[in-house]
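Participant: Given the coordinates of chain E, work out where chains P, H and V should sit on it, guided by the hints.
Number of protein chains: 4
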Amino acid sequence: MTEQTIQRIRKFTEDREWEQFHTPANLAKSISIEASELLECFQWSDEDYDLEHVKEELADVLVYCRDMLDALGLDEDDIVNAKMTKNEAKYPADKAKGSNKKYTES
Amino acid sequence: MTEQTIQRIRKFTEDREWEQFHTPANLAKSISIEASELLECFQWSDEDYDLEHVKEELADVLVYCRDMLDALGLDEDDIVNAKMTKNEAKYPADKAKGSNKKYTES
Amino acid sequence: MTEQTIQRIRKFTEDREWEQFHTPANLAKSISIEASELLECFQWSDEDYDLEHVKEELADVLVYCRDMLDALGLDEDDIVNAKMTKNEAKYPADKAKGSNKKYTES
Amino acid sequence: MTEQTIQRIRKFTEDREWEQFHTPANLAKSISIEASELLECFQWSDEDYDLEHVKEELADVLVYCRDMLDALGLDEDDIVNAKMTKNEAKYPADKAKGSNKKYTES
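Going down the list, the sequences are from chains E, P, H and V.
Quick note: the first sequence uses the numbering used here, first residue 1, plus one each step.
Quick note: the second sequence uses the numbering used here, first residue 107, plus one each step.
Quick note: the third sequence uses the numbering used here, first residue 213, plus one each step.
Quick note: the fourth sequence uses the numbering used here, first residue 319, plus one each step.
Just chain E, same shape as in the assembly:
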């Protein structure tokens, strides 16, 4: 996301004085609710989906994720790279190749 888009999201929240509602817990609920609306695009069929609707719901998830990064003062690249380091160790490429089984699950 460009800095310009991030600033637009922040200004949207500030102009409406909605920071007061953006507690981490409320944003976690909001991300989950929007993720479920995205899932609803695929409720009865995996293939027959409305792309415009998918784009809107995915955008909603991304906006609330940005709100949560801001509410907690987190850097997106920092947390994603820290998690990718864990994922790379958990799923070695040679063992995980082509399999959707989480073979290391205990």
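No wet-lab data here; the hints were simulated from the structure.
Please note that the accuracy of each hint is not assured.
What the hints assert, rightly or not - Below, computed lysine-lysine pairings styled on DSS-like, alpha-carbon distance capped at 25 Å:
{"hint": "1", "chain 1": "E", "residue 1": "Lys11", "chain 2": "P", "residue 2": "Lys161"}
{"hint": "2", "chain 1": "P", "residue 1": "Lys117", "chain 2": "E", "residue 2": "Lys97"}
{"hint": "3", "chain 1": "V", "residue 1": "Lys419", "chain 2": "H", "residue 2": "Lys307"}
{"hint": "4", "chain 1": "E", "residue 1": "Lys11", "chain 2": "P", "residue 2": "Lys117"}
{"hint": "5", "chain 1": "V", "residue 1": "Lys329", "chain 2": "H", "residue 2": "Lys298"}
{"hint": "6", "chain 1": "P", "residue 1": "Lys161", "chain 2": "E", "residue 2": "Lys86"}
{"hint": "7", "chain 1": "V", "residue 1": "Lys419", "chain 2": "P", "residue 2": "Lys161"}
{"hint": "8", "chain 1": "V", "residue 1": "Lys408", "chain 2": "H", "residue 2": "Lys267"}
{"hint": "9", "chain 1": "V", "residue 1": "Lys413", "chain 2": "H", "residue 2": "Lys307"}
{"hint": "10", "chain 1": "P", "residue 1": "Lys117", "chain 2": "E", "residue 2": "Lys101"}
{"hint": "11", "chain 1": "E", "residue 1": "Lys101", "chain 2": "E", "residue 2": "Lys83"}
{"hint": "12", "chain 1": "V", "residue 1": "Lys401", "chain 2": "V", "residue 2": "Lys415"}
{"hint": "13", "chain 1": "H", "residue 1": "Lys298", "chain 2": "V", "residue 2": "Lys373"}
{"hint": "14", "chain 1": "H", "residue 1": "Lys302", "chain 2": "H", "residue 2": "Lys313"}
{"hint": "15", "chain 1": "H", "residue 1": "Lys307", "chain 2": "H", "residue 2": "Lys295"}
{"hint": "16", "chain 1": "V", "residue 1": "Lys373", "chain 2": "H", "residue 2": "Lys295"}
{"hint": "17", "chain 1": "E", "residue 1": "Lys83", "chain 2": "P", "residue 2": "Lys203"}
{"hint": "18", "chain 1": "H", "residue 1": "Lys295", "chain 2": "V", "residue 2": "Lys329"}
{"hint": "19", "chain 1": "P", "residue 1": "Lys201", "chain 2": "P", "residue 2": "Lys189"}
{"hint": "20", "chain 1": "V", "residue 1": "Lys419", "chain 2": "H", "residue 2": "Lys223"}
{"hint": "21", "chain 1": "V", "residue 1": "Lys373", "chain 2": "H", "residue 2": "Lys223"}
{"hint": "22", "chain 1": "E", "residue 1": "Lys83", "chain 2": "P", "residue 2": "Lys161"}
{"hint": "23", "chain 1": "P", "residue 1": "Lys192", "chain 2": "P", "residue 2": "Lys207"}
{"hint": "24", "chain 1": "H", "residue 1": "Lys267", "chain 2": "E", "residue 2": "Lys101"}
{"hint": "25", "chain 1": "P", "residue 1": "Lys201", "chain 2": "E", "residue 2": "Lys11"}
{"hint": "26", "chain 1": "V", "residue 1": "Lys329", "chain 2": "V", "residue 2": "Lys401"}
{"hint": "27", "chain 1": "E", "residue 1": "Lys11", "chain 2": "P", "residue 2": "Lys203"}
{"hint": "28", "chain 1": "H", "residue 1": "Lys267", "chain 2": "H", "residue 2": "Lys223"}
{"hint": "29", "chain 1": "H", "residue 1": "Lys302", "chain 2": "V", "residue 2": "Lys329"}
{"hint": "30", "chain 1": "V", "residue 1": "Lys415", "chain 2": "H", "residue 2": "Lys223"}
{"hint": "31", "chain 1": "V", "residue 1": "Lys401", "chain 2": "H", "residue 2": "Lys223"}
{"hint": "32", "chain 1": "E", "residue 1": "Lys11", "chain 2": "P", "residue 2": "Lys189"}
{"hint": "33", "chain 1": "V", "residue 1": "Lys373", "chain 2": "H", "residue 2": "Lys302"}
Claimed, not checked - Pair by pair, the computed Cβ-Cβ distance ranges are:
{"hint": "34", "chain 1": "H", "residue 1": "Asp306", "chain 2": "V", "residue 2": "Asp395", "range": "30 to 40 Å"}
{"hint": "35", "chain 1": "H", "residue 1": "Asp306", "chain 2": "P", "residue 2": "Leu178", "range": "31 to 41 Å"}
{"hint": "36", "chain 1": "H", "residue 1": "Thr235", "chain 2": "P", "residue 2": "Asn193", "range": "54 to 64 Å"}
{"hint": "37", "chain 1": "E", "residue 1": "Lys97", "chain 2": "V", "residue 2": "Asn405", "range": "36 to 46 Å"}
These numbers come from a predicted model, not from an experiment.
Here a beta-carbon is modelled for each residue, glycine too, at the ideal position from N, C-alpha and C.
Facilitator: Positioned in the frame of chain E, the structure of chains P, H and V alone reads:
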């Protein structure tokens, strides 16, 4: 997210030949599942959460969102800005200020 | 659910003094979290699921639904029948037959 | 749920020939989607909720759970009691009393 982080996520998927599982429907499920794990950090308390756990679960949501953008060939800034234009029209700042009610809901 | 099973669920909560955590909001989160764990059984495949795991996760959803009925003093048959009356009016059998489209959506 | 209510739910599905859409995977998505709509009643506040709305969304979750029990040929009391036996062993009353920590988590 920087281009470098995006490339790292793509390489992770490619090295494991996991693109085959990354259908839009499967990724919608995955985003919803990870969003719910994020919510679980706040299941019994809004305030008493483990920040390190929150960071990991939020990162998981962001990684799957990136996978979905890639699977559908979407540009993050494009879809977010298109949605923000809608949000700004739906919630005029002067009417929505300080209220969490969606007053335009029909 | 038989009265005996309902009593067992209630006793489980009481013996652990967990009623204090069973606010409607916390139970809504809990139902959503368990529903997502049920969904996880189908994350990468619609057909290749572990039935024993499905049964456990569906049971978890049902137990938290029962907790929520209790927390709000609701009768399951009352609320389900009230909703079925709405559903029957919203989706007339002759128009909805064999279609998964919600044709009345505005 | 009484046998009469269960029969009403089954007849609703049969009259619309909707059994074809009631695959376990689709019903898992549906339960998750409705659980999220229930959560939406508490999105910005734990206390300020619309009870009538809560009742409708909880009913939706229960109806789809019933559909899933039917689709898989499961008995509600069987799966709930099997899970309660596990829960009782996992959370001994004397250790879990009054604590929302899952002390046995590894």
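Participant: Assess, step by step, whether the Cα of Lys373/V is no farther than 25 Å from the Cα of Lys302/H, and give holds or violated.
Facilitator: 17 Å, holds
Participant: So does Asp306/H sit 30 to 40 Å from Asp395/V, Cβ to Cβ?
Facilitator: 36 Å, holds
Participant: Can the restraint linking Lys83/E and Lys203/P be considered satisfied, given a maximum Cα separation of 25 Å?
Facilitator: 36 Å, violated
Participant: Against the 25 Å threshold, does the CA-CA distance of Lys201/P and Lys11/E hold or violate the hint?
Facilitator: 16 Å, holds
Participant: For the pair supplied as a hint, Lys419/V and Lys161/P, confirm whether the alpha-carbon distance does not exceed 25 Å.
Facilitator: 20 Å, holds
Participant: Sort out whether Lys189/P lies within 25 Å of Lys201/P, counting only the CA atoms.
Facilitator: Distance of about 19 Å is within 25 Å: holds.
Participant: Tell me if the straight-line CA distance from Lys329/V to Lys401/V falls inside 25 Å.
Facilitator: Violated. Lys329/V to Lys401/V sits at ~29 Å, over the 25 Å cutoff.
Participant: Decide if the proposed pair is consistent with the structure: Lys11/E and Lys161/P, CA atoms, cutoff 25 Å inclusive.
Facilitator: With Cα atoms ~24 Å apart, Lys11/E and Lys161/P stay inside 25 Å; holds.
Participant: Checking one constraint from the list: CA of Lys117/P to CA of Lys97/E, max 25 Å. Satisfied?
Facilitator: Holds - the C-alpha atoms of Lys97/E and Lys117/P are around 12 Å apart, at most 25 Å.
Participant: Next pair to validate is Lys161/P with Lys86/E; report whether the Cα-Cα distance is within 25 Å.
Facilitator: 13 Å, holds
Participant: Given the proposed pairing of Lys401/V with Lys415/V, does the C-alpha separation stay at or below 25 Å?
Facilitator: 19 Å, holds
Participant: Between Lys419/V and Lys307/H, does the CA-CA distance stay at or below 25 Å?
Facilitator: 50 Å, violated
This entry does not satisfy hints 3, 4, 9, 17, 26, 36, going by the numbered hints stated previously.
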